[in-house]
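S.K.: What follows is the residue order along each chain.
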Amino acid sequence: MTTTDDEPRGQVAVAMPGAPAARGWRPDPLGVLLLVVVVALVPVAVTTDRFLTLDNARAILAATAFVGITAVGATLVMIAGSAVSMAASQTATVVAMVFLSTQDLGLSVALLLSLLCGIAITAVQGVVIGYWEANPIVLTIAAGFAIGGTATWLSGGTTVYAEDDAYDVLNSTVLGLPVAVYVLLVVALVAEWVLRRTTPGRQMFLVGENRGAARAAGLPVGRVIGVAWAFFGLCIAITGVFLASFNTSATVSLGGTLTLDAIAAVLVGGTAITGGRGSALRTLGGAVLISVIANLLLIRGYSTGAQILVKGVLVLVVVVLVHLRSTRGHR
Amino acid sequence: ACGGSDGSGKASGGDGSGPEGKTIAFVGYGNESPWGAAYNKTFTAALKDSGVKINDLTSMDAGTQIQNFNQAVSQKPDLIVALVLDTQAAVVPIQKAKQAGVPVLLVDGRPDPSVEKDVMAVVSDNPKLGEYAAQNIIEGLKAQGRDSGNVIVLMGTKSMLVTQDRMEGFDKVMATAPEYKVIEEQDTNWDPTLSGKVAQQLFAKHGCDGVQAAYGMADYMALPIVQAAKQAGCKVGGDDGLVVTGGNCFKAGIDSIRAGELYGTATEDPITIAKQSADYIERYFSGKNPPQSELVPEERVTAANLDELADQCSQA
Amino acid sequence: MPAVKEVSFTVGAGEIHAICGHNGAGKSTVVKMLSGQLAPDAGRILIDGSDVELRSRQVAQQHGVALVDQELSVVPALTVLENMGLGDIRAPFVRRRKAAVEQCRRVLDEIGLERVRPDQLVSSLSIGERQLVEIAKALSQQARVVILDEPTATLSDVESERVFAAVRRVAARGCSVLFVSHRLAEVLELCDRVTVLRDGATVTTSPTADLTVDELIVLMLGEAPRRLEAARRADPDRAHALSIEGLSVPGRLADFSLTAPAGRIYALAGQLGSGASDVLRAVAGLHSQATGSVRLRDEDVPFRDAVGVGRAGIAFVSNDRKTEGLFLDKTIATNLVATRLPRLGRGGLLSPRRERQESRSLASLAGLPAARLGEPVLALSGGNQQKAFVGRCLGRDDVFALLLDEPTRGVDIGGRAAIHHLLREAADAGLVVVFASTELEELLELGDVIVTMHDGRVVGRYDDEVDGAVLMRDMTKGDAA
Amino acid sequence: MIRRVLARPERVTPLVALALVIVAFAATPLRTGTPIATFDIYNALQGFAQIGLLALAIGLTMIAGEFDLSVVGTYALGGMVAVQAGQDSPLLGVLAAVGCGVAIGAVQGLLIARLRIPSMPVTLATYIALLGLTYAMSGGLSVSYTNFDATLWVDQTIGGYFSPRSLITLAAFLLAALLLVGTRLGPELRAIGGDRRASRVAGVRVERTLVGLFTASGALAALGGALLAYSYASANPDPGLRPLLIAVVAALLGGVSLAGGRGTPLGLLAGALCVALLAQVVAVSYLPDYTIQLFYAALLAVIVAIDSPGLHRSVDRLRARGVLRPWRT
Ligand SMILES: Nc1ncnc2c1ncn2[C@@H]1O[C@H](COP(=O)(O)OP(=O)(O)OP(=O)(O)O)[C@@H](O)[C@H]1O
Ligand SMILES: Nc1ncnc2c1ncn2[C@@H]1O[C@H](COP(=O)(O)OP(=O)(O)OP(=O)(O)O)[C@@H](O)[C@H]1O
Ligand SMILES: [Mg+2]
Ligand SMILES: [Mg+2]
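Protein sequences appear in the order of chains A, B, C and D. The numbers in our numbering rise by one with no breaks, and the one at position 143 of the first sequence is 143. To convert, take the position in the second sequence, counting from 1, and add 331; that gives our numbering. To convert, take the position in the third sequence, counting from 1, and add 647; that gives our numbering. To convert, take the position in the fourth sequence, counting from 1, and add 1128; that gives our numbering.
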């Protein structure tokens, strides 16, 4: 209990090297990964029959469209710091039902109503998350149960059909690509523009990075988060409308695995789940990358299991790299 | 008007006192499934006037269903009517029901072979449905005058007996026309969105000229194939377009056949089987000793007989 | 840059040894190395004459080192009892509740926390009580070396006295105590010897009996601090005032009123827990339970709503730039314009050109290098970070009042002068400036009107010349030194 | 008073929730006309066994401020491994499954603790990968378990109310409770969830504890999956997200918060029982299946409200403006 007698007892002598670490070029792990993936994909792609064809490129884009649109919306929400929504697929399903059941009012009215419905359902969650600081995961799990349960209750589980097939125009192709692909591109560009060039977009980054600081600075935290969720709702609604048109009918399980697929795409796009960093265009890239790999495996005849496994590993690797990159230089 | 029964035995039990006052534990599919919803509605309505009390234990979650099945056994109803999601998991509850002396009527999917003898069954003729799909494809391709062709198949959840039975029937008939080759079989999990996605990629992989026919195991899986083909720029139907066939006929499928896109489908509509199972129950309770296992007659649906079956198929 | 270059000192058994130095001198870094949180790149640490390698907190504990960290390190989610045993390597794996409760009760009583129950959640304690719990925990660990890094920063004088008594008891048992503090008078009173650090190196070690506070300050800073003459100006237009009436925050602040006209700088003098900081936070909309009324330029300020406060023309600089201030990962430019985005374009659109212009002009106003605008704020030194934080609120024509909580926390003397200069200019430009501080020098240097506070109430108000000793007496509610 | 109660929701939430559900359960005879049978309780406990270990696995990680989404993947894999490895010896199957769970949990724990990555994306990725792995192992097919002795054994009734499966689950909860209440581990877990920096400074071995925690979580989930597969005599390659969501509901009802630092194993036990009883209430009163979703939604809504700081501030604001009457404390 004592530090012994008189002379040198608790002596501290510390010296640290004088020069700070050289701040030269450092490889960006995410960039390196992308390079590695692309380099690794090239020989596989070249040796895979019918992979490098225009038709296949089209198919990959078409397969990306539905999940991609929702993922772009989810990017904004994740950037604004509210992590993820567990209710995306239920919301898309409800929107699809609304869209088909209102077809008799005319395509544009149906479109308007269903988009509003998606925005309203999702924005309400966003407002609660933004203003009340509710935990987004708990809230959206609750919302998922509520939406799914109510949809089953009200529809009685029956399939919803359209009275009119005007919606078929949404299934048409332009220059060989389905309309949904163009919509995906537009949505991604708009989202990127909103994030980079508008006040609410910039504020999403700020709120997501440090909500406490944003609040103390008097930024409209609740409103910003609400806007992000409303945009997300719009994206889910667009996905729902396309799902409805593509399937021509809607059932309670129409949304399928949309929720997790969208989250995977956002994560592979390098958006940080803690908020404050990310990009809609990179999410688009992430969604395409997942599709490319799934397509490659499909064409090479790998099982569904292998496709899912590779997707999971890809998400894991990107998550780790994104994290390493974000903490480079500090900590 | 019942289909072939195996005649291996008569359903014993049923005291012949009629359905009045009897209790049924109904462990069916939940209303989340449109097929289930239509079945549940028709089935309940059909038994309404008979005085049978139906205890609703339906669920679309496989685990909950098994638990509900056990619950049903403990309540010792006069009959358990079950449409099970996980055939294998239902084996133990069925054995328990047998021990407890509660009769079980299995509807839709056939029981696991190990308990085949322990239950009554009103089952869809799944092998037949697969055969019909193959017949549609062969007929369609022949009509186009093709002497060769590639076929893709998008199945329902592979782990289910329903899927396996249909594939068996399908493969059997396809074997009779070796000039047509099945080049892809993908499990798309009864998921319309996934079917569409996989179809898109298969068309890209093989090109429009690499696929002549497609089988989507249910109409809601076949229609996304049609959409995917159209979006890939492939011709659907007509003299030289893709021949697509479905199953579990739905209204959307009928409409599509009318539009000349879907070549054909087959029944297994929930209405027919609901009515037949309700009828079976009335016979059972009235002591008419229905056969232990009944098959629901299935119909092939094409443009030729569309009008006769449109009504039956348009309920879900 | 090494945070610590060359530090050597020796602490005897039973000695209370102080480490002093200005902000950023490297005191906490030394403490981190001694407590196993940071590995030294070179050098030796000896305990009882033998070399030790303190790789982790656990190893440090095995060598008998107990620590009170500079940052409050009790876990609010646990009870007092659970916190006492948390991370203590001597605590048995299987908890023995009865013995632990008794021990905890005794330790709490010794440090003057008779009111606190061992089963109480720490989250229900005040900040001062939490700090005392942490100190009590370290002192009860039967350590050979106890390190206390600014243990009294959040304590009242009475509480501090209790801590000193406990520290003396521990030292009397033969334990070495390392005491880091900015409160120089208490250092001289409590400690036997003091080691002064400057820029990461030892300046000297000397017995406290040979030193006065002024001599110690000279040792720390290298030269005696120059005191700027307080320039006091008359109030211009009275309508431009910020007036606070009957502001109360339950448990923190009682019935505070102040009218602060534009042009003069108002200083709220008070130690942590005095309510000075709470006045500013309440006005800034960060205390949702606040009551009273606040008016700026004859308009009501919706002071329970941070967004409304901002819209009413009040900008707030909190005392914690890390969690409530800057967006550390974002660039300096982004941080500078973060609060004025709606004005950098029309209809919600940002104009990159105007953003660039604005951030450049703000950087030059705040004295930040324009060349580094694209770097993340994190790369700046603490002082420059603070400049960016304060600079963010300047040069806005929609801001009429600046509220600053500890505007120069952790900033060296040069940076401090620069920030003071900025605030002075802001006041001259017609802004209401109110700041809260615990530092006498800053209060005297910057405050035109000084309001002293203690225990949630105003003690005195000084519009004219005032002696630092008077302020100190007010702030500690003790007798004049 | 209310304030003091709200300060410790980990004690109040599970008790109130469980009390409500028990009342609802006790009231079912009013609706159905048949009294509650022993079997009803047995079956509710079977439901508890189905979800309990999963809820414990995810709940423990939530106490430490983490969120292990991969438990449902481990759950599926555990079932598959147990069925494939345990055809001859059920014990071997369980051991193999738990071994897999331990390995998966340890790897994740190392990633999360060493690199300090948020657990949610890591475990989400692992979940997807495990799903793929299980799918690949079985070719997408349900694999049946032919050792019927084991199937009958795990579900045999013991004392009318219990089965070995529900007893094992109960034992896991009690063991966890014993460990967390009786040893340093409990406060340490909550400290890690409540304030990680402070725990490090205090000397808690944060990394080691986290690795251990994820390992335990993986083992529990795999054990749960294995027992379930034995009980069903088959392993399903894709259980869907629903078990996960229900486990989260159970944990939240058990007084755990996603923010971490709060919760006890006994609370989790109450939460899991609550969810199981609720399912039983819906089953025995012949309510449609979707009603249970609405119940979950309603219960979660209450929890969201209790746990929303912004809502508390709004209430404070209203009270400060005199719109609401102040709390009596
Ligand atoms: N993690 C870190 N990385 C880099 N530099 C650091 C880190 N922590 C501290 N520093 C720097 O090391 C120097 C010494 O810091 P330290 O915290 O030891 O100062 P201090 O004397 O305790 O100051 P104060 O009185 O404000 O507590 C400062 O220049 C600081 O900026
Ligand atoms: N994480 C970092 N990355 C890059 N450069 C850094 C980092 N931290 C500090 N620097 C640079 O090192 C220099 C010294 O920083 P440091 O924080 O030690 O300053 P300081 O002495 O504490 O100054 P101040 O008193 O203003 O806090 C600064 O120019 C700063 O920009
Ligand atoms: Mg320090
Ligand atoms: Mg510094």
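FYI, nobody ran anything at the bench for these hints, they're computed from the structure. Nothing here was measured: the structure is a model prediction, and the numbers come from that model. Every residue gets a Cβ at the ideal spot worked out from N, C-alpha and C, and that includes glycine. Be a bit skeptical, because a hint or two may be false.
[As the list claims (entries may be wrong)] Okay, the calculated bits of chain D under chain A, using three or more residues with CB under 8 Å as the criterion:
| hint | segment |
| --- | --- |
| 1 | 1297–1309 |
| 2 | 1337–1348 |
| 3 | 1378–1389 |
[As the list claims (entries may be wrong)] Distance condition first, Cα-Cα at most 25 Å in a straight line; then the derived SDA-like pairs of lysine to any residue:
| hint | chain 1 | residue 1 | chain 2 | residue 2 |
| --- | --- | --- | --- | --- |
| 4 | B | K379 | B | R614 |
| 5 | B | K407 | D | A1165 |
| 6 | B | K512 | A | D55 |
| 7 | B | K384 | D | A1155 |
| 8 | C | K977 | C | G1029 |
| 9 | C | K977 | C | V954 |
S.K.: Look at each hint and say if it fits the structure.
M.R.: Evaluated hints:
no.	hint	in the structure
1	1297–1309	violated (count 0)
2	1337–1348	violated (count 0)
3	1378–1389	holds (count 4)
4	B/K379 - B/R614	15 Å, holds
5	B/K407 - D/A1165	12 Å, holds
6	B/K512 - A/D55	22 Å, holds
7	B/K384 - D/A1155	21 Å, holds
8	C/K977 - C/G1029	15 Å, holds
9	C/K977 - C/V954	22 Å, holds
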